[in-house]
Amino acid sequence: MKKLINAVDDVVKEQLEGMEMAHGDMLAVNYEPFFVYRKDAPVSGKVAVISGGGSGHEPMHGGFVGMGMLDAACPGAVFTSPTPDQMYEAAKKVNSGAGVLNLVKNYTGDVLNFETAAELAHGDGIPVQNILIDDDASVKDSLYTAGRRGVGTTVIAEKIVGGAAEDGYDLDKLADLARKVNMYGRSMGIALSGASVPGADKPLFELSDEEFEFGIGIHGEPGRVRQAMKSADEITEMMVAAILDDEAYTRTVREWDREKGEWEEKELTDEPFASGQDVILFVNSMGGTPVSELYAVYRKAAMILKDRGFNVVRNLVGPYITSLEMQGASITIVRADEEILKYWDAPVKTPGLRWGG
Amino acid sequence: MVTKEAVSKWLDAMTDIYLENQKYLTELDSAIGDGDHGNNMARGFKKVREKLPELQEKDIGGLLKGVGMTLMSTVGGASGPLYGTFYMRAGGAVDGKEELDLADVVALFDAGLGGVVSRGRAELGDKTMIDALTPAVEALKAAQEAGQSVEEALQAAAAAAEQGMKDTAPLQARKGRASYLGERSIGHQDPGSTSTYFMMKTASENLT
Chain A
1 MKKLINAVDD VVKEQLEGME MAHGDMLAVN YEPFFVYRKD APVSGKVAVI
51 SGGGSGHEPM HGGFVGMGML DAACPGAVFT SPTPDQMYEA AKKVNSGAGV
101 LNLVKNYTGD VLNFETAAEL AHGDGIPVQN ILIDDDASVK DSLYTAGRRG
151 VGTTVIAEKI VGGAAEDGYD LDKLADLARK VNMYGRSMGI ALSGASVPGA
201 DKPLFELSDE EFEFGIGIHG EPGRVRQAMK SADEITEMMV AAILDDEAYT
251 RTVREWDREK GEWEEKELTD EPFASGQDVI LFVNSMGGTP VSELYAVYRK
301 AAMILKDRGF NVVRNLVGPY ITSLEMQGAS ITIVRADEEI LKYWDAPVKT
351 PGLRWGG
Chain B
1001 MVTKEAVSKW LDAMTDIYLE NQKYLTELDS AIGDGDHGNN MARGFKKVRE
1051 KLPELQEKDI GGLLKGVGMT LMSTVGGASG PLYGTFYMRA GGAVDGKEEL
1101 DLADVVALFD AGLGGVVSRG RAELGDKTMI DALTPAVEAL KAAQEAGQSV
1151 EEALQAAAAA AEQGMKDTAP LQARKGRASY LGERSIGHQD PGSTSTYFMM
1201 KTASENLT
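Taken in sequence, the protein lines are chains A and B.
Residue 250 in the working numbering sits at position 250 of the first sequence; the count goes up by one each step and never skips.
Count along the second sequence from 1, add 1000, and you get the number used in the working numbering.
Just so you know, the hints here were simulated from the structure itself, not pulled from any lab data.
Quantities reported herein were computed from a predicted structural model and do not represent experimental measurements.
Listed below are the simulated BS3-like cross-link pairs for lysine-lysine, each with C-alpha atoms no more than 27 Å apart in a straight line:
{"#": "1", "chain 1": "A", "residue 1": "K92", "chain 2": "A", "residue 2": "K173"}
{"#": "2", "chain 1": "A", "residue 1": "K173", "chain 2": "A", "residue 2": "K260"}
{"#": "3", "chain 1": "A", "residue 1": "K92", "chain 2": "B", "residue 2": "K1051"}
{"#": "4", "chain 1": "B", "residue 1": "K1023", "chain 2": "A", "residue 2": "K2"}
{"#": "5", "chain 1": "A", "residue 1": "K3", "chain 2": "B", "residue 2": "K1023"}
{"#": "6", "chain 1": "A", "residue 1": "K13", "chain 2": "B", "residue 2": "K1023"}
{"#": "7", "chain 1": "B", "residue 1": "K1047", "chain 2": "A", "residue 2": "K13"}
{"#": "8", "chain 1": "A", "residue 1": "K39", "chain 2": "A", "residue 2": "K92"}
{"#": "9", "chain 1": "A", "residue 1": "K260", "chain 2": "A", "residue 2": "K93"}
{"#": "10", "chain 1": "A", "residue 1": "K2", "chain 2": "A", "residue 2": "K202"}
{"#": "11", "chain 1": "A", "residue 1": "K13", "chain 2": "B", "residue 2": "K1046"}
{"#": "12", "chain 1": "A", "residue 1": "K13", "chain 2": "B", "residue 2": "K1051"}
{"#": "13", "chain 1": "B", "residue 1": "K1047", "chain 2": "A", "residue 2": "K93"}
{"#": "14", "chain 1": "A", "residue 1": "K92", "chain 2": "B", "residue 2": "K1047"}
{"#": "15", "chain 1": "B", "residue 1": "K1004", "chain 2": "B", "residue 2": "K1051"}
{"#": "16", "chain 1": "A", "residue 1": "K349", "chain 2": "A", "residue 2": "K173"}
{"#": "17", "chain 1": "A", "residue 1": "K39", "chain 2": "A", "residue 2": "K342"}
{"#": "18", "chain 1": "B", "residue 1": "K1009", "chain 2": "B", "residue 2": "K1051"}
{"#": "19", "chain 1": "A", "residue 1": "K2", "chain 2": "A", "residue 2": "K13"}
{"#": "20", "chain 1": "A", "residue 1": "K173", "chain 2": "A", "residue 2": "K39"}
{"#": "21", "chain 1": "A", "residue 1": "K13", "chain 2": "A", "residue 2": "K202"}
{"#": "22", "chain 1": "A", "residue 1": "K306", "chain 2": "A", "residue 2": "K342"}
{"#": "23", "chain 1": "A", "residue 1": "K202", "chain 2": "B", "residue 2": "K1023"}
{"#": "24", "chain 1": "B", "residue 1": "K1009", "chain 2": "B", "residue 2": "K1047"}
{"#": "25", "chain 1": "B", "residue 1": "K1009", "chain 2": "B", "residue 2": "K1141"}
{"#": "26", "chain 1": "B", "residue 1": "K1046", "chain 2": "B", "residue 2": "K1058"}
The whole structure should be built from the sequences, with the hints applied where relevant.
As structure tokens, then:
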């Protein structure tokens, strides 16, 4: 597969070196182990927000490091979770004393590595909490699977939680907000083509010119169905309906009990969407789909939401959580309230998102 | 008694078996996972081999904990923290020991299993490494009760792990990426249970 790379083993390192050279005014990079951190970290009195995951989804997460969003991002190898030493070293670097909130996408590797990192940070006396992002409505069942995957809501949560951290939220209040944003957000993704990781001789999966996959994950995890290719409007209708008609979703998450120094299991249930709600509409490219096509998807999604009585009060359109060169798109809808909008609108200055201030 | 040299030989043999089976584990993982298990285990144990001379200066507990830390920071994915936790807890169960009797060997694997269960929250039958490790630990305990030798106990454990590994094929995955395949995961042997079988097989051949 043709790719603009020098050597497969250097892909992540050279990407980080380039980011540091391009965005040295906002961020810096630690190379052993890998993490990207805010240039002015630790920010006095502020809870630090950390995220991370496999590489290949850029600009998420490294491109969201900076004022008003993440304090650090820990990149793993392409599509492979980072290791606990990365998150632990990052936590030590960016902790101002107010503690660290880890935003963790729900993939088994990410969850286990972030949990180990949280235990290490706790052992060093760093106040820490992990909040899970699991918004992929494609996955119906949490009992017999690893549960819903973390996808588009991650970007929205990183922005909102980052804004609130900047405004002085303490660790518990920030964790409550992160949990709320996750529970208010749901996503659906589709693929028109597969993607291949650097060095692989074939794509993760293949789709013919006549078909698309509905409900795909951002690492090519299998979706709900494979169907004959349809128009932008028809595919958008399927995606929006899957989100709006999604029923209540219950899962058990593990959050850190700082008093006891152990994991506490919590059962959380999201409520379905209801007509009349204000929402943020986020239309995302998987990497290979051009922005022009995203606007066709946005157009139809916004019309459906209006018809069904929702108010789209904010939006985001573009490639923000990608899957290498995969052709495809995802729609994320997040219910918005006053607190969420306040911190969505708050100033942000990162390579990937920048407004206000 | 199992000496520290035997434990080092075990770790060395495990590095060999993971390197020899890198492609095989990756093929198993490509069928139902993300196809990186062979590469991840090989990368982790190559690092263990590199660090072994330094780690050997510690007692057996310290040595195994060092292996756990090494795997934790080099393997990634889900298997990094799972195997990392296994060796860290296993080491914790034999802290300060320079040699192991059967009770120590049982304690070592039992503590490792406990670590994997609490970290991964998998249950028996979820089509994970637990399905090979649990019967292996049960076999060790049964051998201990029957008054068998360390060699006999570990041979029984390796045989139990092999059976447990084979028995994952008809199971439907309920953990990890394979769980999204639902019924389509049936018919494939679990890669994690396979790398666990290799661990028990090399233990039976070297911890004597």
